[in-house]
Amino acid sequence: MPEPGYISLLVNGRRIAVAQGSMVSAAMLNAGAAQRVSVSGEARSALCGMGICFECRAVVDGVPHSRTCQLPCREGMAVETHP
Amino acid sequence: MSMRHAEVLVVGAGPAGISAATAAAQCGKRVFVLDDNATPGGQIWRGGLSGAPQPSAKLRAISAFQASGATLLPARRVVNATQPKTLQTLVENADGARTESFTFEKLILATGARERFLPFPGWTLPGVFGAGGLQALVQGGFDVRGKRIVVAGSGPLLLAVAAHLRTSGAKISCVVEQSPLRRIIPFAASLWSHPAKLLQGAGYRAALAGTPYRTGCWPVSASGNGCLDSVRLTDGTRTWNEPCDLLACGFHLVPNTELAALLDCAMKDGFVSVDSQQRTSVNNIFCVGEPTGIAGVDAAQTQGAIAGLSAAEATEQASRLRRLAGRHEDFAQRLAAAFQLRNELRSLAAPSTIVCRCEDVTFAQLQPRTSWTDAKLQTRCGMGPCQGRSCGPAVETLFGWQVSSVRPPIFPVPVSALVSMPPDPPTIDPQETL
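Listed in order, the protein sequences are those of chains Y and W.
In terms of our numbering, the first sequence opens at residue 1 and continues consecutively.
In terms of our numbering, the second sequence opens at residue 1001 and continues consecutively.
Derived from the structure by calculation, the hints contain no laboratory data.
Cβ coordinates follow ideal geometry from the N, Cα and C atoms, glycine included.
Mixed in with the good hints there might be a few duds.
Per label pair, the in silico range of CB-to-CB distance [as the list claims (entries may be wrong)]: (1) Y:Ala31 / W:Ala1206: 30 to 38 Å; (2) Y:Tyr6 / W:Asp1374: 29 to 37 Å; (3) Y:Pro83 / W:Ala1364: 25 to 33 Å; (4) Y:Pro64 / W:Glu1344: 22 to 30 Å.
Heads up, simulated SDA-like pairs for lysine to any residue below, C-alpha to C-alpha not over 20 Å straight-line [stated by the list, open to error]: (5) W:Lys1147 / Y:Val39; (6) W:Lys1171 / W:Glu1242; (7) W:Lys1376 / W:Ala1261; (8) W:Lys1085 / W:Asn1284; (9) W:Lys1376 / Y:Val39; (10) W:Lys1268 / W:His1328; (11) W:Lys1376 / W:Pro1408; (12) W:Lys1147 / Y:Gly32; (13) W:Lys1171 / Y:Gly32; (14) W:Lys1147 / Y:Ala31; (15) W:Lys1058 / W:Thr1071; (16) W:Lys1147 / Y:Ala33; (17) W:Lys1085 / W:Lys1268; (18) W:Lys1171 / W:Asn1284; (19) W:Lys1268 / W:Val1406; (20) W:Lys1085 / W:Glu1258; (21) W:Lys1268 / W:Thr1211; (22) W:Lys1376 / Y:Ser40; (23) W:Lys1268 / W:Val1282; (24) W:Lys1147 / Y:Ser38; (25) W:Lys1171 / Y:Ser40; (26) W:Lys1171 / W:Gly1236; (27) W:Lys1058 / W:Arg1046; (28) W:Lys1171 / W:Ala1207; (29) W:Lys1376 / W:Glu1396; (30) W:Lys1376 / Y:Ser38; (31) W:Lys1376 / W:Val1406.
Model the full assembly from the supplied sequences, consistent with the hints where possible.
Below, the structure written as structure tokens:
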């Protein structure tokens, strides 16, 4: 179990701990994981941070196209770079 | 699907929307506020995890809002206006996506602004963020302690972002403002007539002691092997490499006018036209804050209060606030003049530079196109999930195209949520739906 005030989640299969209240986008950035792969195959990460640009889309608990910058982390979540 | 009714419905819980909702609720109206974030405050008053002290203006506004009886309905994104006086929202959470409808007597649009992004080689590399974008991500828990960051672009937001990043433990290599000093000095001097803004500036200066603020400089490219490692900067005569871990880059702000456009509100020069009571051209619809002109938080709050009072038919009280609003309009004009974009920014993109990040459309693909519609049809520019919110302002700047067409839904709606939509839904282009 993570320390008090922290929650743990899986980012591309790797377990990481983030402060409670963190957004999924932040957890992925802290883990050094890209949020998605673009239509021409480039790795991309969040740009606008506010739900406008859709660059932060990832697969969250199996749900594709989840906008991670407006989605708070939850204990045990599994997040993956959007293929 | 649920249906709820508000006497006054407010879209956006930033300073303008909160102020509008508070004023209308204080007059006894039943008020709902819709916002796509989890908490109120909008972008400028976005809270963070750090527990850092919140600005007193925010605390005052939120506590007045909470006492007013207005109801905040967070994590809702307005996607459509299905019938007259009805808005449809999308709620997405761990349990999936669903839609709701809200009917209203008066509607106040407080949809705020977003950053303007301009393409340059390397701007799609991981490690390159919007300026406000990086600040928001850090507030969401992105750890930037010890990271070397270049803050670049244009507008007063750059200083606020740099100060925040530094407080969060980052090393700010420099703040790079494209506007020349001769344009910024008259603006800075004019702040003497707005003491509150000057104090804010002084706070940034203290937080940024020792950080170079280079005016008349701009980024020409970002590079790195899969991830950013340096930014090439220029002042027009000299060009140099600045090694860094992250680049925070945004070119001032553009208004979020998509919902106003969908509702047929008249526009002028890209902003929603309003009268002295903040009324749009459409009966019973008001608009406040940045969509009516980029003028900052003080203007947003004043305009919000005017609209809230007007919507509640307290026109006399609303008129008393007009003089204050006039001063803010003046400020908006000075702001626009001080941070006007230089021509060199229009030629930063190389032929292979991606302009539309959703569909990976390059500058070379767009060059032969004649208009926004032509570009959409021939290249899919602006046809991805952001629906041109990022590349639209960029192509306006690069090619002078008027980016106009707004079609419902104004944000992508997952197929699972469409099932809960009302009968006789509007035509939805499946290619614009995730």
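Legend entry - Hint check against the structure, violated hint numbers in rising order: 2, 4, 5, 17, 18, 21, 24, 25, 26
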